[in-house]
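**Q** Going down the list, the protein sequences come from chains A and B. All the letters of the first sequence, read from the start, carry residue numbers 4 to 293 under the numbering used here. All the letters of the second sequence, read from the start, carry residue numbers 7 to 331 under the numbering used here.
In short, the hints are calculated from the structure, not lab data. Worth double-checking, as some hints may not be accurate.
Taking CB as the label site, the calculated pair distances span [unchecked claim]:
id : chain 1 : residue 1 : chain 2 : residue 2 : range
1  : B       : Ile104    : A       : Val146    : 38 to 44 Å
2  : A       : Asn91     : B       : Leu9      : 51 to 57 Å
3  : A       : Asn95     : B       : Phe96     : 29 to 35 Å
4  : A       : Val115    : B       : Glu262    : 18 to 24 Å
5  : B       : Gly137    : A       : Pro64     : 44 to 50 Å
6  : A       : Val115    : B       : Ala139    : 25 to 31 Å
7  : A       : Pro64     : B       : Leu281    : 35 to 41 Å
8  : B       : Gln11     : A       : Arg86     : 58 to 64 Å
9  : B       : Ile104    : A       : Asn95     : 23 to 29 Å
Every residue, glycine too, gets a C-beta built ideally from N, C-alpha and C.
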Amino acid sequence: MFIQQLVTGISVGGIYALLATGYSLIYSLLDFSNWAHGEVAMIGAYTALIMSSNLGLPFIPAAIIGIGGAAAVSYFNERVAYRRIRHNHSPNMFLMIAAMGLSTVYQQAANVIFTGKYKQYPFRLPVSTVQIGNAYLGVLDLVSLGITAIIIIWLIYLINKTQFGLNVRAIACNNYTASILGVKVDRSIAYVFFLAGGLAGVAGILYGMKYNIFPTMGNVGLKAFIASVIGGLGSVPGAIVGAIVLGIIETLVAAYVNSSLRDFFSFALLIVLLLVKPSGLFGVDVQDKA
Amino acid sequence: MSLLQIFQDINSAFTGFFGINSYVQGIVILTCINIIAVLGMSVLTGFTRLFSFGNAGFMSIGAYTAAILATRYNLNFLLAIVAGTVFSAFIAFLLGTITLRLKGDYFLITCLGFGECVRVLFNYTKGLTGGSAGFSNIPNYSPMLFVLVCTVLAFYLAWRFIHSKYGRNLTSIRENELAAEAVGINVFRFKRMSFVFSAVYAGWAGALYAGYLMYIVPASFNLGKSCELITTTVIGGLGSLTGSVMGAIIVTLLPEAFRFLANYRMLLYGIAVVLVIMLRPAGLYGYKEFSLKRLVRRIKKLFTPKSTKGGDAGKKGGLTNEASA
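Okay, chain A solo, but in the shape it has when bound (with noise of 0.2 Å):
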């Protein structure tokens, strides 16, 4: 039973890590939350819908669209709102407060355009489960588990091991330093939004195949934010064991103590690590300089 719920709660927490890399990437390079991010995971769980239900598409290729529809709404939040936004010399809040529009945004057109019916995904993985010892375990669940680990390591290869990843992590080290050395800072951040939107698609489309597709559903979104925060504002690792570590605490405490107190106790343990790391797990505490 418990080894069941510990699986159930990392792949759930698996979810949540695709999702809280891209709040992760993003603040490292710009120092802001992205809190459209969850409704980029909603639209590319719609686009999968639409090419799969009413164009009636293989699971494969309406996934992927689904996954170029998220990158590509993430990457148009970036060329329209945020860039100006940051040419403009405001201030980082101006940035989180357009998404917090943009999210407003697109969970209404959503709701305006797919009323906010609970959807589902014409293709099913079969609801059968896998025997392991005592535990039975979903098969959806170790799918995604499997997607989403193959996902994250190829992430962490990219961003430490290729040209892009070194541009990135020079940005978000100094992204006027790096702007000086060559690095094309703006082009660079824009496939950041891209690469985040892509990983908030496939977000999307499992957390779609594991409960609904409905327009609120970019919520999951706030969950992503509260595990980079818990690993660490701006730190890609961090975000991930964040992920899990949140994934695994809200199943066993929907399983063993009350489903309805389940966010009481994800907001109250990450209050309580705050106070007691105030940076996070893994973050950085970076003071003002004088």
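Once you've looked at the hints, dock chain B against the given chain A.
**A** Using the frame of chain A, we list chain B on its own:
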């Protein structure tokens, strides 16, 4: 005859005399309540540059405290409102003491977590708050005239606060925290003061809200409400109390005016927020307060032959003439 009865009689005499129907009264009350909550937010965000996504939590604390005291214990409504306000300030004091040392987004997320915790708890404690089914049978203790008086009082107090020594300390923290500390301002203490101030206003607004609707549910004080308070403050102008009042009026009245658009209202609202941030980053009023003198000067200018500079500024202003002064 109770005090509440007298208030209601005066209110109905007043509204009857001017022929104000209950629909208009409702709108005025809601606008006033929003103004009070946004004023608190303005002091916190606009003048101290602290973000709180927990103000809906403080509103619900104020609302539930006042409602429970007034309904279950038949407390006088004035005392109930004061109790709700004080309790919310007390919680803010505790929360601020432990979280205000956190930086930027970390502080923001603890506030957000606090707001959600309050909502989940109120949903969970069914015996005391009625849970998600809501708390009903609250006496109607927010007649229009009373709420109007509250709003004027709230504005006056906020104005005095901002233009006092304390308010200037807050502004200096907003401009540069490190420099403020260097000239001897106890940054932590003043941040907490500002935080408690905003919680007082949120609690006050919440208490009035409970008295107006006579029925409250935890879900109406969710994260969306907190976001709405922040965006209203931003639309109105960060660092302008009158701007915040204008913002609150616009944000409450526009949806009423566009009621026929139904589902599209929130969509347009989101688009408006993004556009304001992109095109007029300082908000409608920026860092200026509304002044009658400037308005008169501006109107005069409109009727005199345009200089090139004036014309240019008018074009840039876009949303309002007042703005680019």
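**Q** Evaluate each hint against the coordinates.
**A** Results of checking the hints against the structure:
no.	hint	in the structure
1	Ile104/B - Val146/A: 38 to 44 Å	holds (42 Å)
2	Asn91/A - Leu9/B: 51 to 57 Å	holds (52 Å)
3	Asn95/A - Phe96/B: 29 to 35 Å	holds (32 Å)
4	Val115/A - Glu262/B: 18 to 24 Å	holds (19 Å)
5	Gly137/B - Pro64/A: 44 to 50 Å	holds (46 Å)
6	Val115/A - Ala139/B: 25 to 31 Å	holds (29 Å)
7	Pro64/A - Leu281/B: 35 to 41 Å	holds (36 Å)
8	Gln11/B - Arg86/A: 58 to 64 Å	holds (60 Å)
9	Ile104/B - Asn95/A: 23 to 29 Å	holds (25 Å)
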